[in-house]
Structures are given as C-alpha cells and as structure tokens.
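Enquirer: Each chain, letter by letter, is given below.
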Amino acid sequence: MRRFQRGDARAFPELVRRHRGPVFAFVLRWTSDRARAEDILQETWLKVVRGAEAWSPRARFSTWLYTIARNACVDGARRERSRASEPLESEPAADERSSPERAAASAELRPVLEAAIAALPESQREVFLLREMGGVPFHEIARITGAPEPTVKSRMRYALEALRARLSEVGVESPAGGRVA
Amino acid sequence: MTAPGHPQDDRLLELAYGEVEGTEERALRKHVEDCPRCRSVLDGIAEVRSAVRRVPPEPAPERGLESLLAYGDLAAARARAQRRNVRWLGLITFATAALLVFVLLPQRQAPGAASSEVARMQVPPPAKAAPKLPAAPPLRFPTTPPPAPGDQFASASGAPAVEKLSAKPKAKDAERQTEAKRDGELDQLALAKKQAGDQRVPYEAPATADEGRRAEPLADAPAASRPSDAVMQSGPSQEAKKELGQAQAASSGLARAKEPAGPAKVAAASPAPAATPPSAPSAGGRLDTGAASSRAAGKEVEGSGVASLLGSSAGADKSLGALGGAGAGAKGTAVARSANASAENAAGKAGDDRPAQLKRLVEVRRSAAQATGDQRKALLLEQCRLEAKLELRASAVGTCSRLAREFPGTPEAQQAIDLARGFSVQPPPPPAP
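If you read the sequences in order, they're chains A and B. Anchor point for the first sequence: position 3 equals 3 in the working numbering, and the numbering is continuous, going up by one each time. Anchor point for the second sequence: position 232 equals 232 in the working numbering, and the numbering is continuous, going up by one each time.
These aren't lab readings, by the way, just hints derived from the structure by calculation. Keep in mind that a hint or two might mislead.
[What the hints assert, rightly or not] Pair ranges (Cβ atoms, derived): (1) B:L74 / A:E169: 43 to 53 Å; (2) B:Q8 / A:R18: 49 to 59 Å; (3) A:E53 / B:S40: 28 to 38 Å; (4) A:A35 / B:A97: 49 to 59 Å; (5) A:G171 / B:H6: 26 to 36 Å.
[Stated by the list, open to error] Coverage of chain A stretches by chain B, computed from C-beta distances (three or more under 8 Å per stretch; other residues unrestricted): (6) 5-13; (7) 63-75; (8) 118-126.
Every residue, glycine too, gets a C-beta built ideally from N, C-alpha and C.
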C-alpha cells in the first residue's frame, strides 16, 4: 500500500490479486446476493483507491480494507432492507468445477452454511465474517464496529454456536468424521 | 459460564483463532488437553471453522476488474505527479528563500560591509546624476520624530543632540577621517540617519540610483553596522589626531561633558531629542551637526508651518551638507552642482532674502573649496556666518570648526567659535596657541 501511495503502478494490481477474492467472499457471505456483492466489492476497491492518500501505516491494510467493505455492506443492507433479497445462486464456483469430489461436498455444504450465516443477526454476522473471512483480529474488529472487544468476542461465540447448531441440524459431519453433536 | 479453574471462553476463542501466543498458549493447550469441557468448547469452534473452510470461497468476479486496475494506474500516476510537484514546490520554495536571503542580506548591511558602504558614499557621484537631487521628494520632518531603531544611546534625557557637541572631547579616538572627507561624508551620513529616523524616507543623497539603493537600508540596519560606526572604526590619521589634540587644548574654556567615547556619532545622529544622551564626544560632532541640522530644519518648518517649505528647507540643508563635504574635500563638482541646484530650489521656495543667502552660500562654498590662505579663511568665515544665519546648524558648526582648525589662533577662528556658541553648541575647541 505504501508503494501504491508513492505512485508505484505495480503495487495496486498486487493488492487486488491478494485481497480481492477474500473481500468478495466476505461481502458475498454478508449480503447473500452475488450481484449486490459484486457491486459492493467494486465500490470497496474504488474507495480504496480514492482513500489511498489517507491510509496510514498505523493500521493494517487488511483491517482498513475490511472496514471499507463492512461499511459498504452495512450501507447496502440499509438500502436493500426493504427489498426481498434473492437467495444465493447455486452456480458452482471454479474450485468446485475443477474438483468433482470437493465440489460434491461443498455443493452439499455451501447452501447450508451460507443460509446459516445469512440467518445470523447482523451484529454477529459481521463479526464472524470479519474474523473468519477477513482474518481481522478481535481487537481490530472492535475498532471497526465500535463495539467493546468483549462484546465482539461474545458476538463471535454466539455466532459460532448458532452456526454449529445449524450445521448439526442438517447433519453436516464434523471434521473428525462424526456428526456434530 | 466458566467453571472455577477453567479459562474464560473468550480466551479459548482467542486460542482457536491463534490470538494467544507464548507461555499462555502453552498453558491453555495443556489445560484443554486435560479438561473435557474446555476441549468441547474448542472442538465446537473448530468444527464450524472446518465447515467454512470446506466450502471454498467464491472467486471474485472478473467484471469490473479491468476498469478497477485502470483506475488504480491512474491514481498511481496522479500520486507520482503529486510527489513530483511537491518536490518541485519544495525546490522552488528553497530557491526563492535562498534568493531572498542573498538579495536582502547585503542590504541589511553586514558589519563588514559597512565600511565599504561608507567608501561608496565617499565616492563623488557622477555629474550626470547630479540634477536628480532637486527632484527628490520633499522631506517631512515630524515635530516629534521617533528615535532611530537600534539607537544605542536612546535615552529619556531630552537633551538636544546638538548639546552633544559639548561633550568631553574624545577627538583623538574619533577624528579618523581627513578634514576634507569628513565634513561631506558625515553630513551625508547624518542626513541618511536623519531620514531613517525621522521619516523613513529613502535616502537620496547619493546621486546615482545604485547608491541610493544601497543607502536606503541604512535605516533598518543595526546601529553597529551603520556607516557612521564604520567611520568611527577606521583608523585616525596622525595629522587629525594632532589637530584635534591642539583643538582640545585650545578649547579649555569651553564646556565639556563627560561621556563615553565611541558610537556617539550614531547616537547624536538620532533625530529624536529625547532619544539622545546628554552628551556625546566631540568626535561625533560631524554627525551631531547633521542631527542638529535636521532639527534646525524641523524647527524652521515648525515656525513657518508650511509643509512645502519644510521639504525644500530640508532638501537645501541636505544638499548643502553634501556641498560642504564635496567642497572641502575637493571631491568634485558634481555634488556641489547638485547641492547648488538643491539649494537654489530650496531658496526659490523659501522666499524673502533666504534664497539670496542660500545662493550666496553656494557661491561662497564653491569659492572656499578652491581658495587658499587668507582668502579661504575669509570665505570660510562668511560661509559659517551664512550657515548660521540660515540656521543650517550642521553645516555651520562644521564650517566653524573647520575654520578653527585650519586657522587656529586667528580672530576669524575665534569668531567662528563664538558663532558656534550662538547655537548653544559646543564647537570643537581651537588649537592651543
């Protein structure tokens, strides 16, 4: 990001290559709407470019990036709140197309997981997505969301418990091979 | 809830996400191994994370990527341009500052440059530039002129600067110029000082524009760096010392004041009476006379109450002061001519018989500059009288003192001393018989 700030033209494609996918996953799971997720993704990156001068090395770039993405999601959710959101399309991802076994497993799990995430309260969902998809540490999530760190951790625990319960309900196997209790 | 002895669930959460490190991580892991409850909590977190990982993230869409990268390129180019601009701006700012320093610093008159400034002022101005003087803007002398900045002798004594002439003579230390040079240049310096202190009017005494440019900053220059000080620092000639020693001895009957030697010239040249010390060395008499001259001019104007007369009178005094120096020093006729023109100009504005007296004074000065012996003695006496009559104190005292020094012990010298006394001014003492 510093290189980009200094005008290095090669820095920005590198940033995009590294972070665009995870951010999209984060946004997609937040919105549960591919079209909206794409719009928000583009909006997020445009904000990154426009705000590059304002970025300070004091904050991690990823934290700053996910803050922008999260705010875009919140704003988008407000705009779309009244509208009925379309469910995620079941279009298979590239990885699923390339690996039949994995595709079969994820094809079974993806809608369950995404539905479970979408069913989370927004405060829990944003914490879960920021930590799980964005890799943002809890104390930085606290800064992003403006909530105290213990509150963030509580929300995270509630989100995890809800997801685990939902996965157990649909019979998703645990990594150990057994069903989730 | 956390049972006693169990770590908080938040710590387990941090452990699951790798936010606990070092000894605490090892301690927690050890506890989890032995604690079914904590292991269950940790396993539950791991199950959810595993399920999420098993669903590969959706690849980001290609749509908009190209335009995004193009936008990034544009922003990078803009950032580069900005950095270049900032660099150039910094460079330009630095260059401007450096230029300003180089341009302004010499005008601020570094102490080392002061003597060269005096040297320039000693050079007679070119004849072609002499007619400029009458065109100089009329000077305005405020009735209560402020003290000159940097006047190291500023005080509230209220004693007129002219009274500094009654100071204890420190002539040996102060008389550093030859007689001929001194009157002229010191009159000019006094005028410059007067202008600086009184009105902040650019000094126009130098005939050339270049000299004028150099002279103007004198007003703001520190006192120590002014030409008058530089004059003081220049080495006195043995002849001058001898003459002044004789003058001291001869003027034993005259009142003397106690006061420090040194930069009193500058102090005496201060236009504000209240800003001058009660005494000044007689060595500063030349500049003192300049101050006296300016004051006399101011007084004259106060009496008349006519602003234009003020300007022309001051101009006449200034040019006549220059003329005295030029004539005595035989430094050329250009200054004399310009002074004559200025004096005539002043005379034309003054009215009554003053113009005639000024004209006569110009003639006398011109003649005295070329005359020798008794003729010069007589002319100097007449000049002294005329200047006294015209209340050109600076010039009068200067001329009288010159007469007393050049022709010591003569009746004319005594008359000159008496004339100077008439101004309440202590003239330089005549040499001992």
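Enquirer: Against this structure, judge whether each hint is valid.
Expert: Hint check results:
A beta carbon spacing of about 50 Å between L74 (chain B) and E169 (chain A) agrees with the range 43 to 53 Å that was offered as a hint. At about 34 Å, the beta-carbon gap between Q8 (chain B) and R18 (chain A) misses the expected band of 49 to 59 Å. Checked against the hint of 28 to 38 Å, the C-beta distance between E53 (chain A) and S40 (chain B) comes to roughly 49 Å, which is inconsistent with it. A beta carbon spacing of about 57 Å between A35 (chain A) and A97 (chain B) agrees with the range 49 to 59 Å that was offered as a hint.
At roughly 30 Å, the beta-carbon separation of G171 (chain A) and H6 (chain B) lies within the given 26 to 36 Å, and the hint holds. Evaluation of the coverage hint for the segment 5-13 of chain A: fulfilled, as 8 residues show C-beta separations to chain B shorter than 8 Å, against a requirement of three. Using a Cβ-Cβ cut-off of 8 Å, 0 residues of the segment 63-75 of chain A lie near chain B, which falls short of the minimum of three, so the contact claim is violated. Check result for the segment 118-126 of chain A against chain B: violated, 0 residues qualifying (beta carbon to beta carbon below 8 Å, three or more required).
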